[in-house]
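J.: Read off the chains here:
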Amino acid sequence: MSEAEKLDVLQGTLDLLILRTLQWGPQHGHGIGQIIRAKSDDLLQVEHGSLYPALHRLRREGWIESEWGTTQNNQRAKFYRLTAKGREQLTREETKWKLFVKTMARVMRPQE
Amino acid sequence: MRRWIRLWLARKQEDSELSEELRAHLAIEARQRIEAGETPEEATHAAKRVFGNIAHTEEDVREAWGWAAVERFGEDVRFGLRMLRRTPVWTAAISAMLALGVGLGTAIFSVVYGVLLQPLPYPNADRLVAIWPTATKNGVARFNVSAALWLDWRKNSTLLEDIALTRPIANFNLTGEGTPERLQGARASFNVPRVLRLPPLMGRIFTEEEQHADAKVAILSYAFWQRRFGGDSGILGRKIQLNGEPFEVIGVMPAEYQYPSAAFELWTPLYIPPDEVRHGMNHQYISVGRLKPGVRLEQVKAEFSGIMRRLAEEYPGNYRAGNEWIGALVETLAQSDAFQVRSPLYVLLAAISCLLLIGCMNLAVLLIARAGARAQEMAMRVALGATGGRLRRQMLAEVLPLSLAGIVGGLVLAWWILQTLLPYLPANTPRVASIRLNVPVLAFAVCASLAVVLLASLLPGRIAARSQPGRMLRHASRSVTGGGQARNLLVVAQIAVTLVLLFGGVLFARSFAELIRVNPGFSSQGVLTMHMAVTRAKYREDVRVADYYRRLVERVKTIPGVTAAGMVNRLPLSGIAQTGGVEFEGRAGSYDSDWRSATPGYFEAIGIPLKHGRLFLEFDRPQSPAVGLIDEHMARRVFGFESPVGKRFRRYLPGLSQQDPWAEIVGVVGHILNDSLERDPRPQVYWPETQRTQDRAALVVRTTGHPESYTQAIMEQIRKEEPDQPVYDVRSMEEWVDRTLQTRTLLTGMATLFGAASLLLACLGLYGVVSYTANLRLREFGIRMALGAGAGHVRGLVLRHAGRLALWGSLIGLTLSWPVGRALQSLLFGITGGDVISWLLAPALLISVALVAGLVPAGKAAKADPAVTLRSE
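Those sequence lines, one after another, are chains A and B. Sequential numbering from 1 applies to the first sequence in the working numbering. Sequential numbering from 1 applies to the second sequence in the working numbering.
Keep in mind the hints are simulated off the structure, nothing from the lab. In this text the structure is predicted, and so the values were computed from the model without any measurement. It cannot be assumed that every hint is accurate.
As the list claims (entries may be wrong) - Each computed DSS-like pair below joins lysine-lysine, with the alpha-carbon atoms no more than 25 Å apart:
#1 Lys137(B) to Lys301(B)
#2 Lys155(B) to Lys301(B)
#3 Lys96(A) to Lys39(A)
#4 Lys239(B) to Lys538(B)
#5 Lys48(B) to Lys78(A)
#6 Lys12(B) to Lys78(A)
#7 Lys39(A) to Lys102(A)
#8 Lys48(B) to Lys39(A)
#9 Lys98(A) to Lys85(A)
Could you build all of it, start to finish, from the sequences and the hints given here?
T.: Dropping the structure here:
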């Protein structure tokens with residue numbers, strides 16, 4: 001895949017992506033990045049420079065919590081988990097996102 | 001502080017966790033690659049490639065966390081400190097200038113805060129109001145309340161919870177144990193503490209019944225209780241001797257209870273004789289009221305103006321001054337307390353703000369010049385990718401340590417200035433004791449210092465951010481750097497503000513000069529005065545009082561060096577008055593006048609000249625025909641060119657059953673200024689002390705030599721006559737005159753000081769800019785001289801630059817001075833706000849000093865050898 005086809009993560013949507021990824025269970029930072037990449041068929045690349053500050057921010061908001069643990073391969077990693085507040089936030093953000101997509105689609109639809 | 005430490009520690013922990021997390025992820029990535037079939041080395045390399053530079057990532061993350069900005073700012077501050085250390089003279093000069101400005105400003109602000117802004121120490125003090133009768137068209141903004149007026153107000157006001165009345169002038173001679181002393185006390189209505197909402201510290205306040213019965217009970221102030229009785233808690237119920245009569249102490253007020261002022265030491269019930277309750281009689285009280293909750297001051301003003309209008313219709317003879325109805329002035333108690341010093345203090349605050357502004361612009365000029373010297377460095381920074389905001393932040397960080405020096409130095413200086421300044425505050429300044437460097441004042445010092453430095457670094461920062469690296473780095477520093485126009489503008493602005501300050505200073509100085517020239521009508525040189533009040537319980541009959549006074553004067557006259565001595569009931573310029581109407585036999589109407597009772601020697605002692613007839617003589621006794629004196633103004637007003645001697649007059653007491661006897665005018669004396677040197681509201685009339693005896697008297701002694709040196713001898717003679725006689729307010733007449741000038745002395749002194757300081761600062765700024773520009777143009781001058789221009793031509797070029805700046809600044813300053821002069825009008829004496837001499841003097845002074853400042857760089861430029869300047873490129 002050429003570089004040009006890769007997409008930048010839209011400003012403000014990274015939080016939603018992280019929360020969404022954590023919905024399926026606790027995950028470490030590297031895993032979160034990989035999952036987002038895999039789910040987007042490699043179209044979305046999360047830069048490290050933005051992933052860690054985002055995790056830090058979400059934790060400070062109280063939407064996720066972290067704990068050191070071990071991976072299936074018995075490697076140490078910091079695992080992030082969604083909190084109850086985070087779940088509420090995710091629902092809110094998803095609703096907003098769906099509305100946004102629908103609206104964008106309506107505006108961008110070619111005139112008939 | 002602790003919060004910051006915790007944050008700092010948390011930050012350290014987050015940092016280490018982050019790198020641990022990143023390393024863990026690196027390991028996971030490598031492991032995944034090994035599982036996918038890569039060799040361990042390949043996997044590690046690939047993982048590292050994917051992750052890029054870990055340190056870089058860490059940096060990015062930290063930046064996003066917001067710590068980097070703080071750290072970088074710290075670095076900038078450290079760099080700034082290094083730069084400041086490299087130019088110690090510059091740094092010291094700037095710090096000193098800043099400290100001086102902040103110090104002066106803080107000192108003035110602490111006075112303004114203590115006297116005007118700080119709330120009064122009573123609960124809900126903003127609801128307390130003072131109410132005064134007022135006749136503004138006659139130039140009397142406020143005068144005292146009469147008992148009848150108080151009763152009417154109290155009955156008819158619906159918007160005030162209550163109104164209390166106080167007679168601030170009351171004589172209390174304390175005798176008994178210890179030295180006899182005269183106390184400053186007041187007679188207060190029973191509800192004063194209730195209106196102020198301050199209960200007594202100990203004991204109780206007096207009741208309404210005690211007030212009506214003129215009960216012999218007293219309430220002590222906290223300070224007096226501590227001073228005289230050492231804070232003895234057994235004071236309640238004790239009897240103290242006041243005016244020779246026993247008064248029972250029933251209460252002690254808390255320290256913050258200071259009504260009408262901190263000078264008052266005790267209060268007794270305000271007994272109002274029933275025959276005094278007449279409209280227009282004895283305006284000798286002050287009032288304080290409390291607004292009901294939710295009531296606004298404007299509503300009360302409207303209500304009282306209604307009350308006064310009704311009174312004016314009911315009693316037209318009493319509530320009319322000239323052709324104007326007497327109104328009511330309702331103002332907050334805090335405002336009323338400070339009305340005499342309010343405008344001068346605000347003027348000083350405005351002046352010091354202007355000075356700070358000039359200092360700020362000066363600092364900006366210096367910073368621009370400094371940035372100019374570092375233009376190459378700035379250009380390098382821009383070339384390496386520094387943004388405008390980054391450069392501005394750096395500029396700020398470099399000067400921030402200066403503001404710290406300003407704060408610390410300024411506070412030390414403010415403390416010292418306050419110690420020096422406080423004794424010069426006018427005697428009627430309220431709450432002087434509470435002027436100190438407290439939290440609001442400290443906040444002011446910090447804010448002023450920071451604001452000056454921040455403002456000053458704004459412009460240099462902008463100029464630095466605009467610098468074009470390409471051009472700057474290619475050319476050497478010879479070219480004229482950016483900011484030339486800005487520098488010129490700043491100097492012009494400084495000169496404009498300086499001119500306004502100078503103009504104000506000249507106005508005040510001219511007023512002061514006018515005032516000193518005023519002849520008060522008496523001669524104060526060599527005159528000593530002291531006050532006393534006779535103890536009436538001991539000298540009950542008027543004739544005995546007059547006799548006692550005569551004996552005192554006789555004794556004082558025996559002292560060698562005393563050339564004359566006499567007594568009068570109210571001393572000129574001492575701040576207390578006794579005024580009322582007089583009528584002349586066979587002439588309708590009354591004339592407002594100063595009522596005075598005097599002994600025969602008074603006129604010679606104070607130096608009032610006799611114009612016609614005779615003065616009082618020893619044979620003017622109670623039984624002899626009633627006599628009196630009038631002053632020349634009264635004589636001219638009533639009798640024109642006719643001689644008043646032989647005509648008769650008396651106090652104007654309409655409707656009173658007990659009328660004074662007609663007194664024959666035996667002489668005409670010179671007119672004097674009794675109230676102040678600035679106002680001459682009314683003429684004087686005199687009666688002999690023997691025929692109109694007064695309890696309170698001032699002894700006036702004319703001496704040869706230094707008047708204060710006679711105090712001891714005079715006191716000795718008084719003690720010999722009456723050991724229990726307290727004497728107070730011992731001052732030379734010159735001191736009394738000086739006291740009336742205090743506000744002006746302060747205003748003139750400070751305004752002149754500020755004017756001179758701003759002149760110095762502005763000219764330093766002008767000198768800096770002119771010489772800097774001249775330096776940059778040295779090459780141009782060299783070429784000019786090489787082509788044949790003389791030294792005079794070059795000098796003219798530089799001087800013209802200085803002159804142009806001064807001229808433009810002066811023009812703008814003169815335009816600004818116009819509204820300033822009008823605003824100061826009410827504080828001026830003898831001149832108007834548009835005084836032509838001040839208008840010419842201020843710019844002339846400024847431009848000549850500015851040209852002197854320009855002479856130095858002009859001379860240097862003219863002396864420069866073109867051969868040297870041209871070769872040095």
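J.: Now tell me if each hint is right for this structure.
T.: Going down the list of hints, with the structure as the test:
{"no.": "1", "hint": "Lys137(B) to Lys301(B)", "result": "holds, 18 Å"}
{"no.": "2", "hint": "Lys155(B) to Lys301(B)", "result": "holds, 16 Å"}
{"no.": "3", "hint": "Lys96(A) to Lys39(A)", "result": "holds, 21 Å"}
{"no.": "4", "hint": "Lys239(B) to Lys538(B)", "result": "holds, 18 Å"}
{"no.": "5", "hint": "Lys48(B) to Lys78(A)", "result": "holds, 19 Å"}
{"no.": "6", "hint": "Lys12(B) to Lys78(A)", "result": "holds, 18 Å"}
{"no.": "7", "hint": "Lys39(A) to Lys102(A)", "result": "holds, 21 Å"}
{"no.": "8", "hint": "Lys48(B) to Lys39(A)", "result": "holds, 23 Å"}
{"no.": "9", "hint": "Lys98(A) to Lys85(A)", "result": "holds, 20 Å"}
In terms of the numbered hints stated before, the structure departs from none.
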